[in-house]
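Take the given structure of chain A and dock chains B, C and D with the ligands to it, following the hints.
Protein chains in written order, with the UniProt record's numbering: chain A, 1 to 336; chain B, 1 to 336; chain C, 1 to 375; chain D, 1 to 375.
Coverage of chain D stretches by chain A, computed from C-beta distances (three or more under 8 Å per stretch; other residues unrestricted):
id, stretch
1, 123–132
2, 139–146
3, 202–210
4, 333–342
Note that these hints are calculated values from the structure, not bench results.
Glycine included, every Cβ here is placed at the ideal spot set by N, Cα and C.
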Amino acid sequence: MTTITFGKAINEGLRRALADDDTVVLMGEDIGTLGGVFRITDGLKAEFGEHRVVDTPLSEAGIVGTAVGLAYRGFRPVVEIQFDGFVYPAFDQIVAQVAKLHYRSRGTVRMPMVIRIPFGGGIGAAEHHSESPEAYFTHTAGLRVIACSNPADAYVMIRQAIASDDPVVFLEPKRRYHVKGEVDLEANLADARPMGVATTVAAGDDVTLVTYGALVQTAKDAATAAAEDDVSIEVIDLRSLAPVDYATIEASVRRTGRLVVAHEAGEQGGVGAEIAASITERCFDFLEAAPVRVTGHDIPYPPAKLEQYHLPDLDRILDGVDRALGRPNSLSEVDA
Amino acid sequence: MTTITFGKAINEGLRRALADDDTVVLMGEDIGTLGGVFRITDGLKAEFGEHRVVDTPLSEAGIVGTAVGLAYRGFRPVVEIQFDGFVYPAFDQIVAQVAKLHYRSRGTVRMPMVIRIPFGGGIGAAEHHSESPEAYFTHTAGLRVIACSNPADAYVMIRQAIASDDPVVFLEPKRRYHVKGEVDLEANLADARPMGVATTVAAGDDVTLVTYGALVQTAKDAATAAAEDDVSIEVIDLRSLAPVDYATIEASVRRTGRLVVAHEAGEQGGVGAEIAASITERCFDFLEAAPVRVTGHDIPYPPAKLEQYHLPDLDRILDGVDRALGRPNSLSEVDA
Amino acid sequence: MTPSDREATGLLTRPDDLVRLLDATGRRHANPEFDPWVADVDVDALVDLHREMVVVRRLDAEATALQRQGELALWPPLAGQEAAQIGSARALHDDDFVFSSYREHAIAWLRGVRPDELLSVWRGAAASGWDPYEKRMAIPNIIIGAQSLHAVGWAMGAKWEASSAASIAYFGDGATSEGDVNEALVFASSFDAPVVFFCQNNGWAISEPVGLQSKQPLARRADGFGMPGIRVDGNDVLAVLAVTRWALDRARRGEGPAFIEAVTYRMGPHTTADDPKRYRTDDDLAEWRERDPITRLHAFLAASGADMEAVDADAKAAADRAAAELRAGITAIPDPEPMSVFDHVYAEPNSHLERQRDRYARYLAMFDESAEGAR
Amino acid sequence: MTPSDREATGLLTRPDDLVRLLDATGRRHANPEFDPWVADVDVDALVDLHREMVVVRRLDAEATALQRQGELALWPPLAGQEAAQIGSARALHDDDFVFSSYREHAIAWLRGVRPDELLSVWRGAAASGWDPYEKRMAIPNIIIGAQSLHAVGWAMGAKWEASSAASIAYFGDGATSEGDVNEALVFASSFDAPVVFFCQNNGWAISEPVGLQSKQPLARRADGFGMPGIRVDGNDVLAVLAVTRWALDRARRGEGPAFIEAVTYRMGPHTTADDPKRYRTDDDLAEWRERDPITRLHAFLAASGADMEAVDADAKAAADRAAAELRAGITAIPDPEPMSVFDHVYAEPNSHLERQRDRYARYLAMFDESAEGAR
Ligand SMILES: Cc1ncc(C[n+]2csc(CCOP(=O)(O)OP(=O)(O)O)c2C)c(N)n1
Ligand SMILES: Cc1ncc(C[n+]2csc(CCOP(=O)(O)OP(=O)(O)O)c2C)c(N)n1
Ligand SMILES: [Mg+2]
Ligand SMILES: [Mg+2]
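Excised from the complex, chain A in its bound form (with noise of 0.2 Å):
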């Protein structure tokens, strides 16, 4: 076990993803020279050399697409686009074509391509840097998305992404680059828990609260203020946003009837709206209040000194607790 931060952790699973298969390519803007904005290429370029880990021109569409080549081909390129905010000129490429390629090519083709995203805001950056686009690739077939939220899982997770044969959305909650934790780095993954199961990070017995990447941590000091309420809050850490895993969702809600799922995305047809319906449908019966979701506002991500009024932090998590509860909350004269 070693101490480092969570972009170290990534930038150590990227590490070996290049020793371990020759076919692993890192492309993007500034990921040579410079090791990227945030530094989680950095050293690799000298280390692998500048046709394994590729500065590209300024074109996202072009990076993207040109991936799509270097995978027919048989390489398992790893794309990095800069912020959150610049993925929608690669968006036709994901859609339509590393999303659907295997489909289209009736599996002759794969599309064995992780797209790295540093996403979601708390850091206070100009616009356009602070996006949570992760419902545009859930809806998306053919995509696999993931969120990570703490270094340990960071280092294994964007192994098994590059290891994965589907093109995989992976999202990095950058407010949580700096942060450091434990990290195995001799970690097989073949032991590794699979990327596709969510984990139960607090265990609770009144309500479960689902969320991912930079949330998780927000939701276990939820809990935890919570317990001094004698609240118990289930959290679960989401991990695989396209598939679900249901199984551990469900679960918990039969146990406690109780669901909140929050992240920094929009309401309106976010990743929240998905798991409401999936958990009603699925748990109606053992449901004791409607499922809540808190979440950002449906607005363009605001200027930085007001991302503390649009982000969910730990009481807007609370207070759809108490929501999900009964119990006195914001909405407490409205919803009677």
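Relative to the frame of chain A, chains B, C and D with the ligands by itself:
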């Protein structure tokens, strides 16, 4: 009242908008000389000239991006995306510019743009010609998303969309283009039903069936068929997918206690998820069963010979109704 | 052009010039720069090119007929573009890799794609027709321009792996307006990728004349992206063969990408769903009929003293065989199984889709049961 | 170039040539083609250009300092690019319209944007700083290249409305690789839009040297898209003024778009969050310091016999005033109200958002109540 096709109704709506307002300009591939591959803009270039009905180079980002510049100048651009599957190259301009510019400019820049998209399947078309991308747009703050289902609505709603100061993604169910209906060409916009309001197209007591676009007719047929079985379905034509007119749905579900949402798009993260989650939230105590979604599969749109096994049809909708009602259905054993 | 530019592109010919070895009457014109590239093309080889053009024109006509008969859902005819396609495809090595759009039936034909493999997609019976690795040709792309980036990526990989193969990206005149094609040129140049951009300028993007996409020869785009651009008479199979060989050869030798604009004409509708009468005149078409790619090679062969009766008989026989194969092929295409709608969405197990598939299977089974009950 | 090409572009200068009127030592070079465009630029006008460059360099330094002090969240310095920006912005008419990227502070300055309007965005206090219609300058765009299409659309509209105004699109060397910029060139050419593409090639796109985007002068891109491309010494304010005037003038006269590549250098980091030491050497920077845009104009003014003490004193005073305004401006920027997070998402009422807003207001009110309760 005149009896015209759905396609002609849009054509007449566009003609009227062009005639009423000099700032309205139509842009797209093949919309001028050819009158569009579906002939929706037939005759308009001849009537209004090449600066009002503009054949553009083959580039969707280019079309939407230049339309943004035109809107900056005070125009009201109505752009046509030739088929649903070709909207993705314009996704960045739509999400980062069209949807956000009013917010980003603190209300100084209006984006009264309409993005017309013939959408959905059922016409035996080639790849990328039958998609239902609406959930990508309903999840995008700043956009309004409209889907019309009949000629009379189409004529009015395209004009309302053009008159709106907000950007509107306007979805036209292409397989209904040839269907005829009565249209009041003298209809006054001031008297028209607001486009944000849903329409109850069949009254019923046992279950609320919500859908939009091409499936509205299927839903009405399902209601007729179910009536013979003494099942009374209330069918709601959503019309506006963002925002959703929850007042109408809520009032219905409070009476029926049961909800079915149907759409062609995939289930995972589709519009149905949002409606199921929102209605559960709003009507939990009134629901007698979990909301049911009847949707396309979560697969890339399949080849023409398979589309009947992908698209919800009357039987699948009735099966969904049976699920909502707890009558024998395809999942009876599974759920038991 | 200054000498330094010539050096940069390796070309004497300017992108505005039209490389033509056989004119519309079938007369052979000397071209010191490109003649060497077809020095080996003897009468037999010309007869082969002629036959293949006759065959693909026939295949195209048969497919169009099949669409009219309801056997195909749609067909995008290639008529008029035989020389551009046969000439360029003949220049390819076996290990080269093709990335194409939807109209490149003749390319597929020369890559060994069988008629049933070609037709299954247009019949709506399958998402794609052939194994790209077997034919060394990717599945065609309908999203305009998208495949150009794939060709570049493939070529980047070929270079990194020190392979001697090249890729070729086929796209139309309309496609040059899409961002993807331009980005492909940027990447190809930056990475010196062994890729040839083969633009079939057939005059039209559905109803839009090429002049709407560009006011000048498309080949001129290339220079600005750091690669030679060459304009070739796309109805001259010999010239197309020559310039494509030249471009592929320099790509393979590590000299980077090149851009070819083959000036041709789409004689038929955009697809069988299109009505070109709405946007172009018969005169326009008539003019291009005069420049028919097959007629001119035929004339040249005749003037070269080939036994034209044999040539014609042989071509007709080959076309008849291919047509028969095509008609047999269409009936051999199986209708897909309903549940196959779920196949190949993912390469690996996917819990969500499996559940959805199971549920749909149960749903379909209901009808079997009720059918059984009814018996 | 052949005479016919010259005609097409209206240029004697080739896109590979660098238009330079003042060299790095401040010596004036005659240029028969572009001298007429600055024939009216007398010493007073030069002094004005000098002063504005001094002012914006100072504003830039102040803003950088404010970022270091935590008053701004981020700042993308323009240092080194003063001539490219001041020269081109001085060429604009009042009714022209600017579409820019994020580094064009000097453009904004000359368009009359106040320091507080300029800084509020970088402080994280507002989504945008000024009214685009008042300043005739759109809100800046961070999505690389996106604004180029907006400039073209605006210009298309100007043409259709027979306005005599033109638009100008500012973007960087890196941006030329994005599909949007290329599509903008296509549309501009197709519609003969009165737009000037002004590419500041400052050598870098964050850590990537321009050579990764293009192996040759970016100005050469233009010809392939049917418009003249011109390469100008971007550190020579006089030359920049001349070529931009030329380009805007022909655009206004209905001769269509033009592309200017201003060769300059980003002397500072990409943004205050960047560390250029990781990707470029001090030598590189030192070389460009020799070509400083301000020094050379200063030398030329001195050689022209201007009263340099007055010039310097005047420039310094203006810079001091601007700096004071800037520092005062930053404190004048109000922190936004929490509930303003919902403002301007839509221009019209929106039931969903209104509900969400109400609920959030209730949520925030809880804290007020508990705060009150605690009192
Ligand atoms: C991204 C995208 N936009 C629009 C279309 C619709 N479309 C199909 S073919 C075509 C014209 C293509 O013209 P060109 O590139 O010249 O090829 P050609 O058909 O002439 O072979 C268009 C607009 C599409 N398939 N993809
Ligand atoms: C679509 C998109 N991709 C990536 C980025 C991240 N990014 C911001 S600035 C920049 C470099 C831009 O370089 P250039 O166009 O030369 O402009 P400069 O910064 O030199 O002024 C990059 C890659 C972005 N803002 N937008
Ligand atoms: Mg064409
Ligand atoms: Mg730059």
